[in-house]
Structures are given as structure tokens and as C-alpha cells.
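Student: As they're listed, the protein sequences go chains R and V.
According to my numbering, the first sequence is numbered sequentially starting from 1.
According to my numbering, the second sequence is numbered sequentially starting from 1001.
Heads up, a few of these hints could be off.
Listed next, the in silico EDC-like pairs over lysine to aspartate or glutamate satisfying Cα-Cα at most 20 Å (straight line) [to be verified]:
#1 90/R <-> 148/R
#2 1244/V <-> 205/R
#3 150/R <-> 112/R
#4 1006/V <-> 177/R
#5 1240/V <-> 33/R
#6 1074/V <-> 34/R
#7 1244/V <-> 33/R
#8 5/R <-> 37/R
#9 1006/V <-> 37/R
#10 90/R <-> 1245/V
#11 1083/V <-> 1011/V
#12 1029/V <-> 205/R
#13 1240/V <-> 40/R
#14 1082/V <-> 1124/V
#15 1244/V <-> 177/R
#16 1240/V <-> 1218/V
#17 43/R <-> 1245/V
#18 1028/V <-> 98/R
#19 212/R <-> 1218/V
#20 57/R <-> 1245/V
#21 19/R <-> 98/R
#22 212/R <-> 1002/V
#23 1176/V <-> 1187/V
#24 57/R <-> 98/R
Here's a subset of chain V near chain R, in silico, CB distances under 7 Å, partners left out [said to hold, decoys possible]:
#25 1047
#26 1222
#27 1223
#28 1229
#29 1230
#30 1236
#31 1238
#32 1239
These are calculated hints, taken from the structure and not from any lab test.
Nothing here was measured: the structure is a model prediction, and the numbers come from that model.
Cβ coordinates follow ideal geometry from the N, Cα and C atoms, glycine included.
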Amino acid sequence: MTGKKTIDLKVNLGKLRLKNPVMTASGTFGYGEEYSEFIDINKLGAVVVKGLSLKPKQGNPPPRIVETPAGMLNAIGLQNIGIENFINKKLPFLKQFDTPVIVNFFGDSIAEYVKAAGILNSAKGIHALEMNISCPNKQAGWSIFGTDPKVTFKVVSQVRKATDLTLIVKLSPNVTDIGLMAKTAEDAGADAVSLINTLTGMAIDIKSRKPKLANITGGLSGPAVRPVAVRMVWECYKTVKIPVIGMGGILSAEDAIEFILAGASAVAVGTGNFINPRTTMDIMEGIECFMADNGIKSVKELTGAVQC
Amino acid sequence: MDRLLKASVIENRQLINNHYLLTLQPLKKIRKPGPGRFFMLTVDDGLDPLLKRPFSIHRWTGGNFQILYRVAGKGTHLLSKKKQGDTIEAIGPLGNGFNVGKTQNNIILVAGGIGIAPVFALAETISKRKPLLFYGTRTKKEALCIDNLKSLGIKPVMSTDDGTLGTKGNIINVMKKHLTRSTLSTDCVIYACGPGPMLRSLSEFTKKHGLKAYAALEQNMACGLGTCLGCVVNTVNGYKRVCKEGPVFPIDEIIW
Ligand SMILES: Cc1cc2nc3c(=O)[nH]c(=O)nc-3n(C[C@H](O)[C@H](O)[C@H](O)COP(=O)(O)OP(=O)(O)OC[C@H]3O[C@@H](n4cnc5c(N)ncnc54)[C@H](O)[C@@H]3O)c2cc1C
Ligand SMILES: Cc1cc2nc3c(=O)[nH]c(=O)nc-3n(C[C@H](O)[C@H](O)[C@H](O)COP(=O)(O)O)c2cc1C
Ligand code: FES
């Protein structure tokens, strides 16, 4: 048995140091304020905020969410307050904590991504950027940035030039070869990759014969996607040298450890925050207990330790 | 104050076929919330249903609170199976409820179906001011709380779809007739909860007569806290979150 005191939960993502591997997933934690009622934000490995764009975005018409077996579909439509409002009104709150702030952002053109990264790079109190490439590209007929490796390479390498912050590329799972997408991000200069974003899905009301979401399709998250996410994390871990951040249906310490064994250096909790706002804290404590019970000194020992 | 709590089931009573009254005892002290606010309740510990479900506060009795609910699907069906002594996880009270001015008299309440749950809570807090209540249900059996309303001194003007109680037809039409007959005054304020079509026709009526009205809305919810942006409604001031800016909105703000 290892005492809890000697347990080392620290992990590194590029030059970013986290006190433990448990982060929040973008879009499920707002800008932190609402959850500070339930958890001590100081204890989180990192906070990842709702995806931001240069200008505020109003998002999709309702209904935007619908529950499906062991998961949910969302089509929020990337509603956000815009980078400037975030920096002026939300970032000051997050700065009070001793926890790295990771800003998730997106654009609808490469120029917008680059401009956004530049502005975020010069704001004080931001520790890393997470690029959401699961969003439509205006110049390419609104096809997704994260599904064509050539486009992915271009947008990531341009953003790389605009920031010296730790750059995480958040991969879309709606691709055939996730390893190739991770390798592309690595080659373009990413410091880490995070995955999975939501899987595109659809639900139909059989009485009215109408889609349950106004947007028709939406992104699936929650435990329903977990096995797919674990497999994808494992494939990325085998393909790239940069750290992998795993997410997709994590509700418990056991789920988080599964991702870490598959190759994740850190994990993020998304839908789990909705089910219980204390989920991140319970996971952290659970990982510590698991390590104590199994004589594991550093959580780093577990990354990629699956025996295939 | 942390609004995550556990509550113990005191009683889960079937009122009529698919309507239940759940009495919960919070396992930590909470202050009595205002009418129109709500709790997110865990209906089951498994993964399907996954998310908590929102329910209005119906009554508050000596530290216990009651939820009046209709079985609408899987989650509410599982909720109806809860037994005395079971514990339920809850988050709340959440949102902005009905806010009645202290000196406001001439109060009109409108409830459709299970919308009586929060409307009753409001009626109870302002009963001394003798509100006028219009209450529509599908059929006589589904007219709930009638005795409790009576002990508050409130006799609702009723309508049912099948004519088994009160006027046959929809409650907004009944209200229109009633109000034009008994001198409709513009200093009245209307508070309503019920199905979308009812609220929409109420909003047409209040717009036409320049009346002030507030409605408690419903929307699918995931977090209940304002973070997921899943529960928005379209308003004249852009999308607003039902869980955070609502569930009660000025009715003329809503774009139907
Ligand atoms: C603020 C608020 C207060 C409410 N108060 C009450 C109340 O006092 N009594 C009562 O009986 N009902 C109330 N409801 C409605 C209640 O939340 C839904 O009936 C319940 O969530 C349905 O869950 P289900 O699993 O049984 O149904 P499902 O099978 O999931 O769906 C059945 C119907 O319920 C709707 N629904 C599903 N999930 C949600 C959700 N998370 N939020 C809202 N609607 C949903 C669906 O769109 C569908 O029309 C309230 C809703 C809101 C938003
Ligand atoms: C309501 C909602 C909003 C989301 N918004 C974003 C977003 O703005 N940017 C982003 O990169 N991912 C977003 N995501 C994806 C999550 O960050 C996460 O990748 C995904 O939900 C899988 O994790 P989970 O199963 O733990 O939720 C969102 C997910 C949900 C459910
Ligand atoms: S339910 Fe999440 S913002 Fe309202």
C-alpha cells in the first residue's frame, strides 16, 4: 500500500504543468462561475471554458438538446459571448484560482482562427489554448476543419505561428482514421491533442416524424460514446509522441483510469458535470484511492499501461 | 450555499392514473423557495435516463417540499416507482420564479394541465389577495388541488376538453369571455403555466388588450445551472436560458 501523501498526481501537457489529470470539457462548465458553488476550482487540474469566437455567436434555435440512451445529443450551435467579453468579464473570475485556464476557441476561416489565437495569446491569465476543429469552414463550403487532413494541417500550423501558449488540438471523432488526424496536428506543431469531441447523431420523434432537434443533427456525448472514445485515445497514443487528453462519457474514477490506461495523460469531464456538479472532485479522489490501493506512486505510470 | 442535496422520500402518492404527488424531506436545511422556482431531481441511479429532470416546487410544508408531476416518459415513470425511505439527489432551488409586487392586487392566475403545480404554489403565497384562477384540464379527473384551493378560498373557473367539468373547451377562450364580461381592467397582472399552445394564445390575448403577463416555460434541460446553453427560448432580446433567466418570463418577451 502506498500512503495517499506520497501519491503523485502531477502531469504535463507540453510546458503546461497540471496538479492532477482531471479537467473540465469545453461547453459543459460555462466559464466556471456556476460550478464554483459546488466544487473548489483550485482543486481541478485545469478549467477548459466554453468555445469562443472573435464575435459573439447566438447559436441554434431550440430544441437544442435531447436525451438518448446513456447519452445526449446537443446542437447548441457554438453560442458564446465572444473573446473580448470573455477576457473582460469572465477571465478575472477564473484568474483568482490556482488552476490553469485553457481557452477553447474556433473560427469559420483560417484567418479568424489566427486572429483569435493572437488575441488570446496576449491576454494575461490564459495558460493554454484548445482549438476546436470540429466546426464548419466557410471557405470550403462549410465542411468541417477537422475531417480533411490537408485543411487541418493548414489551420493548425497557422495558429501555431500566432501563439506560444501550449496549443491543444481538439479532434473530431467523425473521421475514418483518428490516428492520422492526431499525427497531422502533431506535425503542424500542436503540443497535445484532446479527444473526442461529440459524435454526430440524430433522433426522430416517431409520432410527429420530425427530428427531435431543431438543427436536425447534433453531437452525441455521455457514457454511450465511451468505448469509441477509449479506442480512439488508444489509437492516437500509439501514433503520436505528444500527450493525449481523453474524454467521452467519463462519470467515475474507473472511467477516467480506463482512458489513462488507453494512453491519456489527462482526462476531461463533460456531460458528467450535468449529472452531478461534483463529478470532477469525486473522480480525483477516486483516482487517488485507486493508486493508493494498487501501490501506484505516479499517475504517469498508468498512461498507456494497457496490456494488449 | 451549495444547492446540491439529498432528499428522502416521505411519500409518493398516486392521485389519479398518471399523476403523482411526491413529498421530499431535504437532508439538509434549505430556506423556503419562492413559487415558480424548480429542482433538478435524479429519477434513477442508472445511465438511462442519464440526466436529472426539472420539477417545479408545488408546496412547502414544514421543511418538506412537494412535487406534483405527470408521468410523461421513462424518467417520470421511474420517479413514480420511488418508495418511502428512498433517497433522491436534487439540485435547487433554481431559476427565477413568479415575482409578484407586494402591493399588486387584481391578480389573475392561469393553469393548464400539470401547469397547476407551480401556479398552486403561487396561489398559496398570495391567496389573501383573492386571485382569480382559470384552470383547464383534459377531463374532470385530472382537475387536481381543488380541495386545497378551496381551503385557500379560491374557487377556480374551470374548463375541460371533454366538458366533464366547467366549460367545454380551452381555458383561454373561457378566460376571454369571463374577463370581458366582468370589466377587464388594465391594472391586473396575469401569471400562467401550461402547455405551449395555451401560453401562445394567452400572449395574443394580453398583447391585444395591453395586459401584463408572466409565464413559466418548459424546455429540455441538461444542467439546470446555466452552463450547457441547452434550454434556451427565443425572446425579443435573443436566446435566453429557461433554467437561469427563467423559467418565468414576461410573456411579451417570448417569440412563439
Ligand atoms: C422548469 C420546469 C419545471 C417543470 N415542472 C414540472 C412539474 O412540476 N411537474 C411535471 O409533471 N413536470 C414538470 N416539468 C416537465 C418535466 O420536467 C418533464 O415532463 C420530464 O422531464 C419528462 O421526463 P421523462 O423522462 O419522463 O420524459 P421523456 O421520455 O424524456 O420525454 C417526454 C416529454 O418530456 C420532455 N422532456 C424530456 N426531458 C426533459 C427535460 N430534461 N426537461 C424538460 N422537459 C423534458 C420531452 O421533450 C417530451 O416531450 C417541468 C419542466 C421544466 C423545464
Ligand atoms: C452541451 C455541450 C456543449 C459543448 N460545447 C463544446 C464547445 O463549445 N467546444 C468544444 O470543443 N466541445 C464542446 N463540447 C464537447 C465536449 O467538450 C466533449 O468533447 C464531449 O461532450 C465528450 O465528452 P463527454 O461525453 O464527457 O461530454 C460540448 C459538449 C456538450 C454536451
Ligand atoms: S439546462 Fe443547461 S443552460 Fe439551462
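Student: State for each hint whether it applies.
Tutor: Hint-by-hint comparison with the structure:
Of the pairs offered as hints, the one joining residue 90/R and residue 148/R is violated, with about 34 Å between alpha carbons and a cut-off of 20 Å exceeded. The hinted pair formed by residue 1244/V and residue 205/R fails the criterion: a straight-line CA distance of about 27 Å is larger than 20 Å. Between residue 150/R and residue 112/R the alpha-carbon distance is near 18 Å, which keeps this suggested pair within the 20 Å criterion. For a cut-off of 20 Å, the pair hint linking residue 1006/V to residue 177/R is broken: about 45 Å separates their Cα positions.
A hinted pair counts as satisfied when its Cα atoms are at most 20 Å apart, and residue 1240/V with residue 33/R qualifies at roughly 18 Å. For the given pair, residue 1074/V sits about 29 Å from residue 34/R by alpha-carbon distance, which is inconsistent with the 20 Å threshold. In summary, the hint linking residue 1244/V to residue 33/R is supported, as the alpha carbons are separated by about 13 Å, within the 20 Å threshold. At most 20 Å may separate the alpha-carbon atoms for a hinted pair to count; residue 5/R and residue 37/R exceed this at roughly 27 Å.
In summary, the hint linking residue 1006/V to residue 37/R is supported, as the alpha carbons are separated by about 16 Å, within the 20 Å threshold. Distance hint between residue 90/R and residue 1245/V is fulfilled; the C-alpha atoms sit about 18 Å from each other, no more than 20 Å. Annotation: proposed proximity of residue 1083/V to residue 1011/V holds, straight-line Cα distance about 7 Å (limit 20 Å). Taken as a hint, the residue 1029/V and residue 205/R pair is broken in the structure, with Cα atoms around 41 Å apart against an allowance of 20 Å.
The suggested pairing of residue 1240/V with residue 40/R is violated, with an alpha-carbon distance near 28 Å, which exceeds 20 Å. For the hint linking residue 1082/V to residue 1124/V, the alpha-carbon distance of about 27 Å lies beyond 20 Å, and the restraint is violated. Pair hint residue 1244/V plus residue 177/R does not hold up; C-alpha atoms about 40 Å apart against a cutoff of 20 Å. Straight-line distance between C-alpha atoms of residue 1240/V and residue 1218/V comes to about 12 Å, which keeps the hinted pair within the 20 Å bound.
Distance check on the hinted pair: residue 43/R and residue 1245/V sit about 29 Å apart at the alpha-carbon level, beyond 20 Å; violated. Proximity of residue 1028/V to residue 98/R is assessed by CA-CA distance (about 30 Å); at most 20 Å being required, the pair is judged violated. Note on residue 212/R and residue 1218/V: the hinted pairing holds, with a Cα-Cα distance of about 15 Å set against a maximum of 20 Å. A hinted pair counts as satisfied when its Cα atoms are at most 20 Å apart, and residue 57/R with residue 1245/V qualifies at roughly 18 Å.
Proximity of residue 19/R to residue 98/R is assessed by CA-CA distance (about 10 Å); at most 20 Å being required, the pair is judged to hold. For the suggested pair residue 212/R and residue 1002/V, the alpha carbons sit about 33 Å apart, so the restraint of at most 20 Å is broken. A distance of roughly 16 Å separates the Cα atoms of residue 1176/V and residue 1187/V; the hinted pair therefore holds under the 20 Å criterion. Under the criterion of a C-alpha separation no larger than 20 Å, the hint pairing residue 57/R with residue 98/R is inconsistent with the structure, at around 30 Å.
Hint status for residue 1047/V relative to chain R: holds, with the closest Cβ pair at about 4 Å, below 7 Å. The interface hint given for residue 1222/V holds, since its Cβ lies 4 Å from the closest Cβ of chain R, which is under the 7 Å cut-off. At a threshold of 7 Å, the smallest CB-CB gap from residue 1223/V to chain R is about 4 Å, leaving the interface hint in force. With 7 Å as the threshold, the beta carbon of residue 1229/V comes within range of chain R, its nearest partner Cβ sitting at about 5 Å, so the hint holds.
For the restraint placing residue 1230/V at the interface with chain R, the shortest Cβ-Cβ distance is roughly 4 Å, inside the 7 Å limit, so the hint holds. At its closest, the beta carbon of residue 1236/V sits 13 Å from a beta carbon of chain R; the interface hint therefore is violated under the 7 Å criterion. Hint status for residue 1238/V: holds, given a least beta-carbon distance of 6 Å to chain R, under 7 Å. Evaluation of the residue 1239/V hint against chain R yields a held restraint, the C-beta minimum of about 6 Å falling below 7 Å.
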